[in-house]
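One letter stands for each residue in the lines below.
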Amino acid sequence: MIHHVMGNDGTYPLLIALWLLPLLGAILCWGFGPWLKARAGWLASALVGASFVLAVLSWGAGTQSVGGTLGAHQSLLSWIPGFDFGLLLDPLALLWVFVITGVGALIHLYSIGYMDGDAAFARFFAYMNFFVFAMLTLVLSDNFVGLLIGWGLVGLASYFLIGFWFFKPSAVAAARKAFVLNVVGDVGIMFAIFLIVANVHSIGFGDAFAAAGSYATPTLFLICLGLFVGAAAKSAQVPLHTWLPDAMEGPTPVSALIHAATMVTAGVYLIARCAPLWSVNADAQMLVGTIGGLTALLGAILGCAQWDIKRILAYSTMSQIGYMIMGVGVGAYEGGVAHFFTHAFFKAQLFLGSGLIIHALANEQDIRRMGGLAKKLPYAFVVMLVGVLAICGTPGFSAFFSKDMIIYGTLQHGHPWLYAVGILTAGLTAYYMLRLLFVTFLGSYRGAVDPSDLGIRHPELAGLPSDGDPAPQDATAHHHAPAWIMNLPVGILIVPSIFAGWLMFGGANSPWAHFFAGQFPVPNVVVPPISEGATSAIVFACVLVGAAVAAARYASKGALADAVARLRSESVRMPALLSNRFYFDAAIDALCVRSAQLAGTFFGRVADPHVIDGTVREAAISARWMGTLMRSLQTGLLRAYALILVFGAACFIVYYALAGGR
Amino acid sequence: MRLRGDVNVLAPIAILLPLVAGALLFVLPDDPRLGKIYGTLVAFATLVVVLLARHADWSVRWLARPFTAAFHVGPTPIGWWLALLLGLCTLCAVAATNLPRQRSFVAQLLLLEGTMIGLFFARDLLLFAFFWDAMLIPVFFVLLGWGSHPATAWRYFIYNFAGGLLLLFATAAFGVIYGSTDVIGQSGAPLIGAWAPWIFAGFALAFLVKTPVWPLHTWMPATYADAPSPLVAVVSAVQSKAGLYGFLVIGLAYLPTYVARFAPELVVLGAISLLYGATVALVQPDTKRVVAYSSLSHLGLIAIAIATRNPLALQGALVYIVAHGLFSTALFLILGYVEEREGTRSLIRLGGLGHANPRLTGAFTIAALAALGLPGLAGFVGEIVILSGVYQAGWTWAVIVALIAIVLASAYMLRLLQDAMNGPVVDDLPVRRDLTWIEGLAVAPLLIALLAIGIQPHAIMAAIAGAVR
Amino acid sequence: MTGALPVALGNYVALASVMFFIGVVGVLVRRNPLVMLMSIELMFNAANVLFMAFARAWLQNAGQIFAFLVITVAAAEAAIGLAIVVAVFRSAATVDVDEVRSLHG
Amino acid sequence: MILNPFGTADWMAIAPIVALAIASLLVLLADLVARPAISRYGAVAIGLLGTAAAAVLAAMQYGHVYAAFFGGFVTGGFTTVFEEIVAIALAGSLALYATLGDPKRIGGTVALMLWGSCGAMLMAGAANLMTIFLGLELLSLALYCLCGMVDRRGARESALKYLILSSTASGFLLFGMALLFGASGSVLLADLARPQLAANPLFWMGSGLFLIGLAFKMSLVPFHAWAPDVYEGAPLPVTAYMSVATKAATLAVFARVLYAALPAGTASHVMLPVWIVAGISMIAGNVGMLAQHDLKRLLAYSGIAQVGYILTAMAGGSALGLRYAIYYLVAYTFMNLGAFAVATAISGEHEEGARLVSYAGLARRRPWLAAAMTFFMLALAGMPPTAGFLGKILILATSADSGYAWLGGLLVAGTAISLYAYAKVVRAMYLPQSGDHHVADLRPIAPLAWISVTLCLIGVIAMTFYPLTPSNVLPLLR
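Chains as they are written, first to last, in my numbering: chain A, 1 to 662; chain B, 1 to 469; chain C, 1 to 105; chain D, 1 to 478.
There's no promise every hint is true.
[As the list claims (entries may be wrong)] Among chain D residues calculated to face chain B with C-beta under 8 Å, some are:
#: 1; residue: M383
#: 2; residue: I393
#: 3; residue: A400
[As the list claims (entries may be wrong)] A short list of chain A residues far from chain C (calculated; beta carbon distances all over 12 Å):
#: 4; residue: I27
#: 5; residue: W35
#: 6; residue: A120
#: 7; residue: E364
#: 8; residue: A374
#: 9; residue: G506
#: 10; residue: G507
#: 11; residue: F582
#: 12; residue: G614
#: 13; residue: A620
Since the hints were made in silico from the structure, they are not lab data.
Ideal Cβ placement from N, Cα and C applies to all residues, glycine included.
Just need the whole structure built from these sequences, with the hints factored in.
Printed below as a string of structure tokens:
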């Protein structure tokens, strides 16, 4: 069969090195962990950094455009006869590689400080490197199966890292939940692959997209649906989002790298990668856009109801990814991808900043027990402030540009409702992020206050983990300043989280647009009634409203005065709908988990032993019963035997009399 | 061409070597270490012989009437792979054995290997039936001698012997009608006539009992739970494939029309097995039973693949047969280690072993991941190829059922793994030392093979593509 | 067959059948092994009657030879039977066949 | 010919029988002169030698045609095979007397067994009704005595039961013979094949009564009632002998009737009742085994079923069918003799180790014997690698071939049931020995029994791989 490749044919061995270096690190850290000890961290970071350097060097190859085909291609091996593997580096992949390796390297550095002294230091870095490798596999693969392999491996890495402290039952449960929900996504992609293979007899992106026009519309919709199930599971879209908040059981750097910057955006990558399929199926676009908008809104609403600093960030992540999915869903691919780009920086920064706080407060995660940290942790304050301003879309900060691209894109592609949702969500975002900021840093420190006075009654309902990160093991000093190794990466991140957005400034002839020239299909956009500038204005107004409400509730004099009472009343009066996260967990548990377990118990306890085996047993018993019956016929009475004999003889005689009579 | 002559002789040697060596072991002094070393060497030698015997073909006349039959041995392309798998699994199982009356146990394992190599090397249907029944006997005696309840031995024996009788009857009728049973692996004309459906029914039932497929499976969980792990490893890895092998070399080759006619029934049975096994595995408290029911589920998938007769699905089925053999062997051996260390199989009691046994946990994790079809490991290759074949054959609903089962698989495998290895340390468990190097070596080849096939299935797929056609 | 016979062949067959039937009934109803043996002799002799009749009818002396053979065998059987009955009486102290039932089931 | 009624050819024909007769006389003679201490072994030795001589003589006849008694006794092919089977059975049973039995009575016992075998061989070659009757009675009379040869109440009782029931059956047989004679006007079996007989009621009724007699000897349900009791009561060697020799001889007669003595086209009708009772026997016999606790009884029921299998092979009346019937009969001979030999080898000084409870823990005390017994049980059940497996598949094949597939189906069903019963014996041996019941104290060593066990093992395995079905059987039937 023809094997069409995207990206210019020919080899680009550098790509293999770029791809395999982290794997090497993982193997080394795994194999020689005990011997490497602290060196493992440096080794791992160095290798990820190296592949970042290689990524930078590959800029030219990745963005080159020869004969209409973008990027570089390196074929690897023939997977099974007729289905080949290869690596593909085009602008889209290149962008992800930058973020994965760049942000990844920074977070590796940070982890050296954060995980310092943990018993399984080397194992942690082995997992982190393995994750980077898996993520690179995902974004560099030139075919669906390779992508699926990467897809599964990142899920595995996330499973390992969520359950990194495997002696914590809560962590173990969270890891299992994350993995199983991600497998739901995997099988969705598998289903899409079956349809594609059945139609084009190839797993290559090129063949699949080249035939985009030739699929029957229902088939194409099913393909997109399957792919989107995968995307939704990985990117925590409603209703498959419930694993993401629990995933915060993992160490904070893990949350920053996997559950904020990279892995959870794989769904965005997938849809952007399959743009040729989506752009020709309006139903799929509608579906994805709607789910994305719904997720964005839902995440924001739930974000307003959390007290655990990491969970707030988790829900904000979910909401922001909702934006991206909405963007790529409706067809504003550049916007969605742009928001992934900026979000990677400021969300990583926010997580790492929260990590600074948690680390400094000896694993305290409940913002109600913080407060007044601006003076105690000024550096963390600055970091968080910048992050919050960025995520809110303050003019000049990165998200301002990327978010507006999405919101305006929805209108351009004719989805006014999603436009409204986007604007509303922007306001909510401003509210809950500033709430986080104010409650954490303003007022006075509440660490000494009795939790019950703060309304911390039911930790599980409040969404608190049963216990915080046990690392590092030294919980002696209270506010000890974080080591430079932790501060440096966060500081570096400040720069892009402010300025990354400027790349997107200038619409059609922005560097961003040039970078992606020819990457995405160009849809025919309608000229909306509202101009882009106006949109930005409306969004910003909305943001200001949200900010004002937050300020009034948490930053005003009165609020800061009796913060404890207000926080208490707020947490006690929290609506059940919110504190139960819209009952998604309960519903999934009741519908899927319990029912399956019920069926299993029935089959195992009733059907097998009593119905099936019972039948067999009865047959055996009745056979033995017949045996005893024959025993009882064997009376031992000579004359009885004679009688039996004569009876048989009589039967014979009758037969032969009749037969002879004929 | 005397080299070929040599090669041909390897086929009977591959069968006789373990049989004779196993019988010999009974008369050797009863020393556990001797038995193990001897057994390992023999198993290794057998593996080598099987490896070399790929193109062997050796035949001696047996019967002239009522139908021609011959001691015709020599691997079919598929049979060779299965024999290879068997050789590897037996080697690992023997190496991992650590039981009372070790010598006799190892001897039984070798006898089992011999009879099963015979089954996969048999080119004559009568010989096939011969080994089919013969391979029950060692298992039966191990269950009697080492199992916890004799009742299990009976159940195993009765179920499988009943299947064997049907096979016997079908074989006899086949021979009479077809004139010869020297048919396996030859490209003969399909069987026709008024008898054909009954003959097919006989074969099919025998194969389904052996596989097993719902509702003929109830002998299996008890057997897998009670028998010593090394034996269970071999039985679940290879013996349970005998039925599927029979479907391939007899059902598809000589009764294709009936396989086609009864495809819906077979697919339904396979689908039920898939979900049934998966859901039961979800709640079983006994580690070995979890794996047993997962096997029911996995083999249901293979049954579906064979029933659809789609070439892609068949290739996938063969890969999956090998993959399942590898990871179920690994799982059972590892569970055997756990049981022998902690003295329990109950997931309710086990927990937190990961602290003291990192190597054991690592091995267990890889095996479990392969079993739940993690992309990049062998199980995944089989699943995705089978299912895309099944989808192309038009059984969309079966594909969806299978996908659900894959999700369930991840749930029960993680439950098995985490409940045993993760969580806080359980105080009243006698947690013993981590894997010794010999124990590690016993499972390492399996895990390596899983990884290799997962990354580069091209070789085995290419080899199998020829076998399917 | 030859009509020269004063008595039709059928009558012999009838007679023999009756004798045989009586013998069978005797075996069934009597409880003394000796009497049972005598009933069996009756069955044998029924056969003898047939042999004789048919030998005459076919003019075949094989039948008569057969009859002599049967008589001899019957004698031997009676002797052995007597011996066994005595032996049983020694061990079981009864000759009532309904009492002799240690073997059953 | 008339002038010299008994020529050398006749002597040649009956040479094996004569050899046995002479041997038995020698045994009695030796028993008179020899000291009691050695009398046991002397008798057994002479008996075995005589058997060997008979076997050799019979073997020498193979392939030629000899007739005696004006064609009343034909030997050469078919007959030879059955004579050999009888010889094997005789040897296998005599070997057991080296271990069992009251030394004072050994001489007579052995002599009786030899004479019985004369009768059996006579039946094997009988070509007319007289010879059949003579042989049958000779065999039966010997067996009546043999059953009662020991001072056990059970033995005496079994003798009585066997005597009465068997004689009754003989009565039926004899009356049937008389009717057949009346129908054909000849005692030669060959003359029964005249086509005009097909319309003769005398012929039908005669063959009916005749077959009743045979069915009794083959212990087919419902003519089986005697078998379990007699097998249990009789001494082990006698049971072993009965279970094989009687069946073999009777089957020879039956086969001769089926293949050579029926008007063309009547076989299926004349024999139908036999096939039916054979089918019933396969099920009833195997079911009967399930509830037994005594090896001899269990094997009695098993024998009932096994004869059913053999008849299934013959059902088609095809040449191959006879082959496989003989094949399976030989296999069955080895399995049964082997099983009884094991039972003898483990039976104590004064009691016979036939109760299954006395097998508990045998695998520990006598692993090799246990293995052998297991092997024989598996063979009877038809598991590979035994002749039982091949025999079953051959029988199934012929039944499918000759349109008696329903018998094949019953065979499969019966086998499935039987497995449990045979496996029960195995289980008894491999279960740990629980102290609550007395276990026979094992005699130190029983050389002949061991030898015969080994020979039977070899026989059963060898037959699996080289089916020894005599090639030129059918031509010699007439």
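Hint-by-hint comparison with the structure:
{"no.": "1", "hint": "M383", "result": "holds (5 Å)"}
{"no.": "2", "hint": "I393", "result": "holds (5 Å)"}
{"no.": "3", "hint": "A400", "result": "holds (5 Å)"}
{"no.": "4", "hint": "I27", "result": "holds (73 Å)"}
{"no.": "5", "hint": "W35", "result": "holds (77 Å)"}
{"no.": "6", "hint": "A120", "result": "holds (71 Å)"}
{"no.": "7", "hint": "E364", "result": "holds (83 Å)"}
{"no.": "8", "hint": "A374", "result": "holds (98 Å)"}
{"no.": "9", "hint": "G506", "result": "holds (105 Å)"}
{"no.": "10", "hint": "G507", "result": "holds (103 Å)"}
{"no.": "11", "hint": "F582", "result": "holds (74 Å)"}
{"no.": "12", "hint": "G614", "result": "holds (29 Å)"}
{"no.": "13", "hint": "A620", "result": "holds (21 Å)"}
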